[in-house]
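Student: As a plain string of letters, each chain reads:
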Amino acid sequence: MLRIRACLQSGSSEIRGALSIGNTPIDMCQPNDGRCMIHAQLPMLALMGSGVVGVAAVGLSLLAYLRFRHTTYRRMLLPLVVSTALFTAAHGLVLLWPTHPLAIDALEPLAFTVLIIAVGRLVQLHPRISEIRDGDGV
Amino acid sequence: MIVDAMVLYQGVVGIGVVSGVLFLLYSDDFVVIHRRFLAIIGVGCGATVLSQLVLLLYWPAGISISHLIFILSVVGGLYSLLRGYPTHSEPWFRTLFSR
Chain E
35 MLRIRACLQS
45 GSSEIRGALS
55 IGNTPIDMCQ
65 PNDGRCMIHA
75 QLPMLALMGS
85 GVVGVAAVGL
95 SLLAYLRFRH
105 TTYRRMLLPL
115 VVSTALFTAA
125 HGLVLLWPTH
135 PLAIDALEPL
145 AFTVLIIAVG
155 RLVQLHPRIS
165 EIRDGDGV
Chain D
9 MIVDAMVLYQ
19 GVVGIGVVSG
29 VLFLLYSDDF
39 VVIHRRFLAI
49 IGVGCGATVL
59 SQLVLLLYWP
69 AGISISHLIF
79 ILSVVGGLYS
89 LLRGYPTHSE
99 PWFRTLFSR
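Chains as they are written, first to last, in the numbering used here: chain E, 35 to 172; chain D, 9 to 107.
Incorrect hints may have been included.
Quick list of simulated restraints, FRET-style, between CB atoms [said to hold, decoys possible]: (1) E:138 to D:40: 29 to 37 Å; (2) D:66 to E:163: 40 to 48 Å; (3) E:168 to D:102: 39 to 47 Å; (4) D:31 to E:135: 33 to 41 Å; (5) D:33 to E:112: 14 to 22 Å; (6) D:65 to E:104: 41 to 49 Å; (7) E:76 to D:94: 32 to 40 Å; (8) E:138 to D:20: 36 to 44 Å; (9) D:105 to E:76: 28 to 36 Å; (10) D:104 to E:167: 22 to 30 Å; (11) D:94 to E:162: 24 to 32 Å; (12) E:136 to D:37: 21 to 29 Å; (13) D:94 to E:158: 45 to 53 Å; (14) E:161 to D:30: 14 to 22 Å.
Since the hints were derived computationally from the structure, they do not count as laboratory data. Where a beta carbon is used, it is the ideal one built from N, C-alpha and C, also for glycine.
Kindly produce the complete structure, drawing on both the sequences and the hints.
Tutor: This is how it looks when you write it as structure tokens:
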């Protein structure tokens with residue numbers, strides 16, 4: 035997931051040092067090269083941010099499930115809880131376990147898959163106006 | 009390589025989510041409780057797919073930024089849903105979402 039490109043020093047094109055996060059080598063650049071620092075740190079910050087926001091998302095989706103468990107939205111909100119939990123777990127594991135196997139990276143597409151299941155269930159099971167009008171629906 | 013394939017898979021799934029949300033919102037056949045909830049999630053998924061494809065082409069290291077967009081849109085949609093439909097029978101709701 036983390037493939038940070040080598041930032042080459044302009045002129046001498048010399049890489050200052052090499053740091054390894056997990057099994058992915060990250061080429062470091064000059065510390066005072068602002069653009070290079072942004073390139074190196076922004077993905078890490080985004081990863082941390084999505085972990086923190088993910089915890090909020092799990093909490094909010096649980097609250098929404100509790101709030102709407104008596105309605106048809108329940109069918110979407112339960113997979114949404116699973117999806118946000120998977121997403122948060124994936125980001126937390128990527129962040130805390132630098133030498134994670136590839137299976138951890140696969141948790142995130144799994145979260146997206148659960149989300150499309152949620153939308154699909156809503157489309158499939160939501161009461162339709164035409165059915166209610168005809169009298170055979172809910 | 010496999011990670012790139014996962015990103016492409018997420019793109020395809022994201023397009024599916026966006027089309028499902030568009031169908032729910034605009035087929036006029038569904039009683040949608042809170043339109044803004046679905047709209048925010050649909051827009052967020054669309055933005056995630058676009059930013060993922062752009063980042064995959066031009067800056068593969070920054071892929072996690074698009075994940076941040078995705079989870080922020082989910083949080084925004086859920087917050088809008090909970091704020092839009094308050095319940096006063098549950099004590100936790102009054103504590104967390106007091107007006």
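Student: Take the hints in turn and mark each one as holding or not.
Tutor: Outcome of the hint check:
Taken as a hint, the range 29 to 37 Å holds for the pair residue 138 of chain E and residue 40 of chain D, whose Cβ atoms sit roughly 35 Å apart. Between residue 66 of chain D and residue 163 of chain E, the C-beta spacing of about 44 Å keeps the proposed range 40 to 48 Å intact. Distance hint check for residue 168 of chain E and residue 102 of chain D: the Cβ-Cβ separation is about 40 Å, which falls inside the suggested range of 39 to 47 Å. A hinted range of 33 to 41 Å holds for the C-beta pair residue 31 of chain D and residue 135 of chain E, which are about 37 Å apart.
The hint said 14 to 22 Å for the Cβ distance between residue 33 of chain D and residue 112 of chain E, and at roughly 21 Å that hint holds. Against the hinted window of 41 to 49 Å, the Cβ-Cβ separation of residue 65 of chain D and residue 104 of chain E comes to about 46 Å, which satisfies the hint. Between residue 76 of chain E and residue 94 of chain D the C-beta distance comes to about 37 Å, which sits within the given range of 32 to 40 Å. In this structure the hint that residue 138 of chain E and residue 20 of chain D lie 36 to 44 Å apart at CB is violated, the actual value being about 21 Å.
The hint said 28 to 36 Å for the Cβ distance between residue 105 of chain D and residue 76 of chain E, and at roughly 33 Å that hint holds. Hint check: residue 104 of chain D to residue 167 of chain E, Cβ distance near 38 Å, so the stated range 22 to 30 Å is violated. In this structure the supplied range 24 to 32 Å holds for residue 94 of chain D paired with residue 162 of chain E, their Cβ-Cβ distance being about 27 Å. Between residue 136 of chain E and residue 37 of chain D the Cβ separation comes to about 42 Å, which falls outside the hinted range of 21 to 29 Å.
Between residue 94 of chain D and residue 158 of chain E the C-beta distance comes to about 28 Å, which lies outside the given range of 45 to 53 Å. Evaluation of the 14 to 22 Å hint for residue 161 of chain E and residue 30 of chain D yields a pass: the beta carbon distance comes to about 19 Å.
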